Amino acid sequence: MSESRSQDAASDSGPGSRRRTWTELLAGRAERQRQALGRGHKLQESAVRLLRRHLNLNDLLLEVDGSACKTLCLNQLMDPEASADLPGSFIGSALRDQASRLGVPVAVLSSRTVASSIVQICASSGEPSPRVLLNAEQRKKMSSLLEVAQHLLAHSMFSRFSFCQELWEVQNSLLLEAVWRLHIQNIVSLQELLESHADTRATVAWLFRDLCLLCEQMEVSTQHTDIARAMLSDFVQLFVLRGFQKNSGLRSVEPAQMAQLAMDVLQRMLMFTLEALATELQDESPAYRAVKSWFGVFCGHTYGAAVSTDAPKRFFSHTLTQVLTHKPVLRVSDAVQMQRDWSFAKTHPLLTSLYRRLFAVLRPEELVGHLQEVLETHEVNWQHVLSCVSTLVICLPEAQQLVKDWVARLLARAFQSCDLDSMVTAFLVVRQAALEGPSVFPPYSDWFQASFGSTRGFHSSSKKTLVFLFKFLSDLVPFEAPRYMQVHILHPPLVPSKYRSLLTDYVTLAKTRLADLKVSVENMGLYEDLSSGRDITEPHSQAHQDVEKAVAVFEHTGKVPVAVMEASIFRRPYYVSHFLPALLTPRVLPRTPDSRVALIESLRRADKIPLSLYSTYCQACSTVEEKKPEHAAAGVKAEAGGCAEEPLGPLAAALSELRAAMTDPSQYDVLSAHMAVVSERLSSALGLGEEDGSLEVSQVQLSILAPHLEHREQEIADLLLTSFCQNLIAASSFAPPARQGPWAARFVTAMCGRRLLPVVLTRLCQLLRHQGPSLSTSHVLGLAALVVHLGESRSVLPEVRVGFPAPAKSLPIPEFFSSLLTFGTAETSLFCLKFCTAVISYFLFSCRFLAKVRLSALSPPTSLHTVLPVYRTVSWD
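So the sequence shown is numbered by full-length UniProt numbering: it starts at 1 and just counts up by one.
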């Protein structure tokens, strides 16, 4: 029945059509499904062909953002770990397919594609060239690209060798930061990349160019400064380790090509900086920034793990040698003439900063030995050698004695074998060190007298050595400054009477040369510094300065200065023709005789002023008083002080820079560099050729009851005392006195010169005795520390006579300060207690002083408040 019905239904499907069975219907459906499946495969193949035709692997790599894919997990339906690796897997599949179609290894294609993408990233900034740093957008793209490259490396789908070759083909399109990021992301190391290039000269030129640009751009944008410093540090670490490693261990397996490349790059960078310094560098110019940044690599922290090896030390020694021997075009005669312009304060700060950084790795003994070795084995640049000597004695106190010993050895060798080179080196080194002042090195006049003024001198062993000495001094005459010839004439070498003609011939030659220069030994000032090598001042100008200094010495001692008495006997032409006319300049005499009047009276009573000249002076003063008393007084005062009048701005600026350096008071070299500048500015402010640190007088006289200073003297004293107090407070905020280094002692030494010490003591008398209760806490603390350091120097300081006329007994410096503290009222008693507490506190918390007085068994209490509870603001912890 059912079969008949189905047949009927099939037959009824339409007119003229044959009915199909179910079997036929099912078979037709299967055929249609097979046809549809075939069409799907054809459509997929067409789509793949379309993708292959338009696929750009470079663009694909640049469009992948790994960070975005890591967060896209389709609402947790996908495995996050699998999703994180999705970009790399997708790129890897595309690369395999492309490599198979092209018939090349997938690793080669991957390397080529990544290199091309890096070039695209480097060129995508749109910023003006030349550049070496990426911007923020480029760094983001580079990070994503390097993640893909790491995936390819992990799956052996990346060839480092092919990648390096591809990079070198487009090296001029690469930014240095991109190369550095390949290194830190472990795609390809800097060493592997550099070794893969056969043309070493081209590699050196490329690195030199980009490192210079990196140094220039480092200080321009603070946004990229940290990245730039990290880049420079990594490059320098590599070059130092590969260029200066020993021949054993790591270096034995290092290709010689890499070692030579590293040394060549470092050499070119150093030569570039030295050439730039030889020109007039403008502050903040591109060249200035480049030099400053490159010199910054000479720091211990730059080398990281390399500090455990000797490579940095060898690099620093090599660099010092290169600096000392750079362009040795200056002759010895040039050095003799020009060395006064190569003192520490006059040397470019960038060069002295380089010296200080090099000194940090080498011990003082090694530095002096290295200097000696270089001078014996190389032609040297005398400007660099002598400026290095200045920096050495300024920044390393241990080196001062080493330099003296070195000079002594040079002299011994010179006279032993008549070695002219050793003689030249000894004199140049001594003169250079003496330029830095007596607090650093003995004056040249003292050294010359000590070396040749006795029978123990090196020259006194035979006629041959005497002839050698005077031949050498005679050869110097056409080139050296008049100061040095004056030293040789006024402090001549000790010569046996039978060889006196040698000395006479030299003195005649030197005087002839001085006459040609219009400089007279007889007209030389009383207080001129014979060691400074500065220009000779006119006799009348120097005479006014001599009068000022003589009056100051007389005011503080109550006696006619020894220099004045000696000049009246041994240098009478200058004394009569220049000094006395300057001293006896007509003026309105004060109602109460001042120090100038007292000095004139003392000289008159000693028959050191001709009566006719004195009478003329008295008449002229009377005439001036009758005609223009007010103008005369003002005019004379201006004339007396005008010669030395200088603005205090440079001194204040130098003191301000010193205070800024107090953030690390233990850095002796940095603070010594600033102190050298302060000393020079101080000498200029005082009107001195150079501060004479040896006190001519054995006593200083001042009036405790009525201490008086000229306005300018008080200004200078206040600048120095305020600076000392501020520096002490600033330094103590970073370190206690025991760990502050010797900066304070060095500062005090600068204030102990012949001209300045009486001024400082007078100002301290005014402050402590007459204004003590009104002083602020910071001033009390600072002045207390100053008193401690002055007390430490008592053996080299004169005693102080208080009152005028002077009492029979004089006081050492510590007792003088004790005499300034009075307990007359409750207010002054409280101040004295505060001040003494501050002194004791500073003394105890400075371990240097404990060792000096052998108090090693004494341990200071944790707080001095329990000892002296009145003054609770003192704390050096």
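Where hints are given, some of them may not hold.
Pairwise CB distance ranges (calculated) [unchecked claim]:
hint, residue 1, residue 2, range
1, 310, 230, 22 to 30 Å
2, 349, 154, 24 to 32 Å
3, 663, 327, 17 to 25 Å
4, 819, 500, 26 to 34 Å
5, 472, 299, 41 to 49 Å
6, 836, 299, 55 to 63 Å
Derived pair list, reagent style DSBU-like, types lysine-lysine, alpha-carbon separation capped at 35 Å [stated by the list, open to error]:
hint, residue 1, residue 2
7, 404, 464
8, 346, 518
9, 246, 498
10, 404, 498
11, 511, 404
The set of hints was computed from the structure by calculation and includes no laboratory data.
Note that the coordinates shown come from a computational prediction; the quantities given were computed from them, not determined experimentally.
Glycine included, C-beta positions come from ideal geometry on N, C-alpha and C.
So, going through the hints one by one against the coordinates:
1. One distance hint, 22 to 30 Å for the beta-carbon pair residue 310 and residue 230, holds here, with the actual separation near 24 Å.
2. Range check, residue 349 to residue 154: Cβ separation about 51 Å, and the 24 to 32 Å hint is violated.
3. Taking the beta carbon of each, residue 663 and residue 327 are about 36 Å apart, not inside 17 to 25 Å as hinted.
4. A C-beta distance of roughly 53 Å is found between residue 819 and residue 500, which places it outside the suggested range of 26 to 34 Å.
5. Evaluation of the 41 to 49 Å hint for residue 472 and residue 299 yields a pass: the beta carbon distance comes to about 42 Å.
6. About 43 Å separates the C-beta atoms of residue 836 and residue 299, a value inconsistent with the hinted range of 55 to 63 Å.
7. Distance check on the hinted pair: residue 404 and residue 464 sit about 25 Å apart at the alpha-carbon level, within 35 Å; holds.
8. Of the pairs offered as hints, the one joining residue 346 and residue 518 holds, with about 27 Å between alpha carbons and a cut-off of 35 Å not exceeded.
9. The straight-line distance between the Cα atoms of residue 246 and residue 498 is roughly 60 Å, outside the 35 Å bound, and the hint therefore fails.
10. A distance of roughly 32 Å separates the Cα atoms of residue 404 and residue 498; the hinted pair therefore holds under the 35 Å criterion.
11. At roughly 30 Å between alpha-carbon atoms, residue 511 and residue 404 fall within 35 Å of each other, so this suggested pair holds.
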